[in-house]
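Visitor: Given next are the chains, with one letter for each unit.
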Amino acid sequence: MSSHESSYEPKSATAKWWDERLPLPRLMNDQFIDFPTPRNLNYLWTFGGILTFCLVAQVVTGIVLAMHYNSTAVDAFNSVDRIRRDVNFGWLIQPIHAVGGSMFFLAVYLHMFRGIYYGSYRAPREILWILGVFIFLAMMATAFMGYALPWGQMSFWAVTVITNLFSSLDQLIPGLGTSIVQWLWGGYSVSGTTLNRFFSLHYLLPFVTFGLVILHIWALHVCGQNNPSGVEIKTKSDSVPMYPYAIAKDAFALFAFLIIFAWFVLFLPDYLGHADNFIAADPLVTPPHIVPEWYFLPFYAILRAIPDKLGGVIAMFASIAILAFIPWLDRSPVRSTKYRPIYKWFFWLLVFTCLALGYLGAKPAEGTYVFWARVFTFYYFAHFLIVMPILGSMETPKSLPGSITESVLGKGGSKSLSSGLGGAPAGATAAPEDR
Amino acid sequence: MMLQRKFAPLRMALVAIAAIGFASAANAAGGEAIHYDRHDWTYGGVKGQFDPIQLRRGFQVYQEVCAACHGLERVRFRNLVEPGGPQFDEEAVKTLATEWPNQIVDGPNDEGEMFERPAKLSDILKGPYKNAKEARAAQGGAYPPDLSLMTRARNVHTDAPWYIHVPLMMRDIITGYQEGGSDYVYSLLIGYEDEPADFELSEGMNYNKYFAGHQIAMAQPIPEEGAVEYQENAGAKMSMKQNAEDVTAFLAWAADPSLNSRKQLGWSVLIYLLITTLLLYFAKKRIWKRIKH
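The listed protein sequences derive, respectively, from chains C and E. Under numbering that gives the first Met the number 0, the residue at position 184 of the first sequence is numbered 183, and the numbers go up by one with no gaps. Under numbering that gives the first Met the number 0, the residue at position 61 of the second sequence is numbered 60, and the numbers go up by one with no gaps.
No wet-lab data here; the hints were simulated from the structure. Treat the hints with care, as some may be off.
Below are the SDA-like pairs computed for lysine to any residue, each with C-alpha atoms no more than 20 Å apart in a straight line [unchecked claim]:
| no. | chain 1 | residue 1 | chain 2 | residue 2 |
| --- | --- | --- | --- | --- |
| 1 | E | Lys-288 | C | Val-59 |
| 2 | E | Lys-240 | E | Pro-82 |
| 3 | E | Lys-284 | C | Val-160 |
| 4 | E | Lys-288 | C | Ala-250 |
| 5 | C | Lys-308 | C | Val-160 |
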């Protein structure tokens, strides 16, 4: 599975027996205990563990909720209310799941921006990155369908608006869009049939995500982790074993993250949602403003920034699809933005653009809001299509440290400085006390 | 250099937390800006809890004023006894249920007929109408909604300029402000006044300065002098604002009956998490001390 040598020695007869048949202990040892992690990772590298926790938490709370939830148009809204009122600890489990979705996205956005900042998508991690984009897509689909399940006003109308987007395909082939929309709905309008199939898919997709996550971790463990310097592991002293170093850091970061998580669950369970979703779905009453959950707002802003319906749909999907191509769009000779004095500014402009699009996505599509949504939509795409390739080949990066060790200890501090470039991460199996 | 390495992640984390604020602030959108005052609720913020005495007064207002038109059909009589609520005496609530004017439709009985029977502790606080159609017919076309989730189904909107959103949201997150719905309901109840001279009020409508569009079908439920006289020992005197505040608190409980236990658990969880986080931090420090980093 990975390119570092196994250090696992079965200690007992049973362990040996297992090792010859299904070397699971060896796998765990090599990949999660003795795995070499760059010694210079900062706390932004803890989000992988946090995201794994989020996925597990969503699955566990979700399974419990599904035991009490009723996916019929008549009773869905009532059953969610009943979970909060009458199911033992339902008042706790339901908000953990609802807030958990938001926390999942908060963590994934940080994880993605970290990847962009430090060039974690660059060779040889293209597959790793693209798997990440697929995980993000699966998360979005799961979250969208999950948001439909409480069957409140915002659920119903969000489903109506978003599924209706596909009808714009009629502009390409007459009838195609309408057919797709009816196929999604399972009828001629959003109904209980739609809700029921969304529930089925909402239960399925997390397991698809789980599979993708395993591939994502596999790819990560083949290439090894990127790190703030963007220089690969070359010698033993560049890395530390995952246990206890990275594990200790991850555990601390996870609990720090849980403080924010708990704060929202226990003190602000409604804060990240929308009040209209406490009104049961009513096909006859359209809410004055239909807005998606906060984590979809930037994409919603892009959708509405384009004056043409089909164009908007294409732009919205393109804004996610484009992420899969950035390993080849970025032409810079270095990975990490740390060594890119000019690009650094553009990176933060991208962050600001995403926040601004989020803000604009919640505003009505009128007046100056539309103007600014267009400006920021333009920059969003320009960042990847213009800034990344052009600035990448023009900019003179700062000089890179010779190795990770050097980036941590300075030139004098690294004794075993190897001058070779790139290559697979070397093994780092030395016991900590050797250092 | 050193500083930069330390702070880049921190800066990113702050930006991301701000992003949540940004976005949810922006959930409020459009329309004419109405300013709603923030009221001081006993159950507000991260420490607030319901005051059972106030909830009892609030229930009285609901019973004597609101219940004439509005149901509370997600709440059961037994809830009125449970901790975290008005905590009425169980016997009193049994009597209350039996005497509740809107009886429970049950059945079919052995003859195959549906029948009406008095409510029990396990039954809902039924409203006066069989269904929305009957309600509309009785109310001149306007539908008096069920109030069980009202304070969670409404919110107040912040119409601050974009650059204020992040600080405002951070303030709300840190102070645990989630009483927008209560602020709205309270404002609405005390927001009735004569329409301005240039305002054209439709037939049968009432002017309310806090209602979107200012025309509301519901007539002023609590008059200026108040509507409900409390008992001697209820801890408050009748007035419009007092009645409105009490019934709002009661509805907030009806919508979120686990608020007390949730916030109590919240502090235990936070203390546990803070201590564990601290311990993990020191463990991490100690482990990483073995190497230079």
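Visitor: Provide an ascending list of the numbers of those earlier hints which the structure does not satisfy.
Guide: 1, 2 and 3
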